[in-house]
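Student: As a plain string of letters, each chain reads:
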Amino acid sequence: MGKQAEIIAEEKNKTEALLKVEDISLYFIQYASGLRQTELKVISNLSIEAYRGEILAVVGSSGSGKSLLAHAILGILPSNAKLDGKMEYNGQKLTQEKKEEIRGKEIAIIPQTITYLDPLMRISNQVIGCVEEKNEGLMKKLQRDIFQRYDLKPDVEKMFPHELSGGMTRRVLVSTAVISSAKLIIADEPTPGLDEKTLNETLSYFKDMANKGCAVILITHDIEAALKISNKIAVFYAGTVLEVANVEDFKNDGENLRHPYTKALWNALPQNKFQIINGQQPMPDEVIDGCIFYERCSKKNDLCSKGIPQFKKVNGGVVRCNNVS
Amino acid sequence: MLNNEKIVGFIGQKILRLISLLIVVCFVSFMLIQFSPIDPVRAYIGEMPVSEEHKAKLEEYWGVNTPPQEKFLNWAGDVLKGNFGTSLIYRMPVTDVIKERFAASLVLMAASWLFSGVLGFILGIVAGMKKGTWIDKAIKTYCYVLAATPTFWLALILLMVFSVYLGWFPIGLSVPIGVIAENVTFFDWLLRLILPALTLSLLGVAQIALFTREKLIEVLSSDYVLFAKARGEKGLDLVLRHGIRNVALPAITLQFLGFSELFGGTVLVEQVFSYPGIGQAAVAAGLRSDVPLLLGIVIVSACFVFLGNSIADIIYQFVDPRIKQQEASI
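Sequence lines, in order, name chains A and B.
Numbers 6 to 330, taken from the numbering used here, label the letters of the first sequence in order.
Numbers 18 to 347, taken from the numbering used here, label the letters of the second sequence in order.
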C-alpha cells in the first residue's frame, strides 16, 4: 500500500509544477519630486511554471526585469519593493517566511557574476556555505567530489574569488547550487562572455541537473543557448511573459510560434532571416493600457489597445495575444 | 622569492622616506624655534638676578650669537651621534626624559587605542546591522556629539564628575603625592590611568564607529551578501561570516592611521590630568623654552606617527589577499 501511494505521489509530482508563479506584479516605491511617492512597475502579470526534470528558459533582452523575477522567487528583493500575486512551491503557498525557510535548501540560485562571491573568503568555504560543525566533514567531502566532477583542481579550494578565471568562476558558482541538493535551480544569466566550449560545458551542467530530477529555470538573453538545452521557452518582454513555447516550435520561419514578438525574436537571429523590427521595449514608467507589445506589433487592431490580452492555451503553449486562435 | 623581494623593497622605501621626513621635520622645527622669541639664556637663569657681564658670558656659552645654519649643523651632528643634548628644565639628558615620559604615555595611548578600537568597532557593527532603528540613531548621535567635543573639555567634565563630586578617582598625577617610589603600588598607578585613558577612548570611538557603520552598510548591500541570503544565511551569522571579514581590515587600517590624532589628544589630556607623560613634557618644553627637549619630542613623535602609517600600509599591502595578488601579477 505504502509503496503504491509513493508511486502515485511520484506520478503526481511529475505532472504537477514544482513552482507555480501566477500573475505576479512587482513595484518599486520611489520618491518622485519632494515627498510624492510613485510606484514603478517592473514586472506585471507574469505567470510561469517550472516542472521537475525540465528546463524552462526565461528569455528576454537586458533590462527587462529578468533577474528581479529570480530575486522575487527567492524573497531577496530590496526593502522598497512590493510584490503582488501568487506563488506556489510543491503545492504549498510560497510566502516570504516560506521563502526564507527553504532558500538555499530547496531553491538555489546560480548568480550572474563573480561579485556574488565574498572577495575575502576562500572558495571552498564559500561553496560549502554556512553549515553546522558536525556536518563540516561530510560537506567537505561532497565539495571535493563536486570539484572533481567539474574539473576544478584541489588548489582552487584555497583560492580567493579574484584568482579564478571566467570558466572556473562559472563552475564554482554552479557548484554552490549542486552542493545544496536543491530541487529548484534558478540560473541567472549564466552564459555571457563564455567561449563556445565553456558555454556548452556550462549548459551541460544544467542538463545534468534536470536529468537528475531538478526543475531548472534558466534566465538568459541568449536565445540560441536556451534553445540548445531547454524544454520550454518563456519569452519575457518589458516585465511580463508574452508566450511560453515548446522548444520544438522554434524551427523554419517560426510559423509554429504564437506571438508576433517571439516570431520577430526568432527571425532576428543571424542564421534565420536576420531581420529586426522597429522600436524598443517600453520603459517601466510608461503607462500602457493595452497589449504591452502594441506599439511594435504588425498585426495590431483596435482591441489590442484596450486591456491586456488574456493568456490563451494554443498548441501546447500559452500566449498573451488577441490575434491567435 | 617574489614576496621576499617585495618586502625588502618595501622596507627600503620606508626607510628612505623616514630619513627624508626626519630631515625636513628637524630643519623646519629648528628654524621655527630659531625665529621664535625664545631666549635660551632667560630659560636657563629663570628668575635669578644676574649681572650684564655674567649674562654675556652665558650668551657666549650657549652660543646665542652663532649663525643659525651653524647652530643647526652642530645640533644635527650631535643628534646623529645619539646625543640629543640636556633638557634645561629637567636638568638631565633629553633621551632619558623622553624614555621615561614616553613609556608613561605609551601605556595611556595603548590602553585607549585598544579600548576605543574595540568599542568603536562593536558599536559600528551594531549600528550598521540595525540601520535606521533607534539603536542606530542613538549610536550615531553619540558619535556626532563626541566628534564635536573638544578633548580638554571632556577631560575637565570627567575630572569634575568622577574625581571632584564622586571622589572615585584621584585628581591627577600618575602616583600619589608624598609617597616614596618603592611604595607606589600597581593599583595606585592604574587608578590614575583610568580617567585619562577613558577620555581618550571615548573620543577615539566616534571616528571608528562611524566608519565601521558605513562600511558594514556597504557590505550588507553587496551582491555577495545578497547571494549569501539567497543561500539561507541570515541574521548575526551572516554579519559575522561576511560583514566582519570585509570590514575588519579597513577598520584596523584606519585605527593605525589615527596615531597622529591619538598623540594630539594625549598632549591635551595629560595637561588636564597632570599625567607625567610625553605630552605634558612637550607643553612644558614649549612654554619654558626648553629647546633641546622640544626638538627631541618633535623627532620622537614624528617617528611614532610614521610608525602608525607604516603599519597601516603593511596591512594594506601584505594582508589583503586582493592587493597581494595584483602586485604578484604585475
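Please keep in mind that the hints were generated in silico from the structure rather than gathered at the bench.
Among these hints, one or two may not hold up.
Claimed, not checked - The list that follows gives simulated cross-link-like pairs (lysine to aspartate or glutamate, DMTMM-like), each with its CA atoms no further than 20 Å apart:
#1 A:103 with B:235
#2 A:104 with B:235
#3 B:246 with A:54
#4 B:251 with B:235
#5 A:139 with B:240
#6 A:110 with B:235
Said to hold, decoys possible - A short, non-exhaustive set of chain A residues, derived as facing chain B with CB atoms under 8 Å:
#7 81
#8 163
#9 165
#10 169
#11 173
#12 286
Just so you know, even glycine gets a beta-carbon here, dropped at the ideal spot from N, CA and C.
Student: Broken hints, numbered, in rising order?
Tutor: 1, 2, 3, 5, 6, 8, 10, 11 and 12
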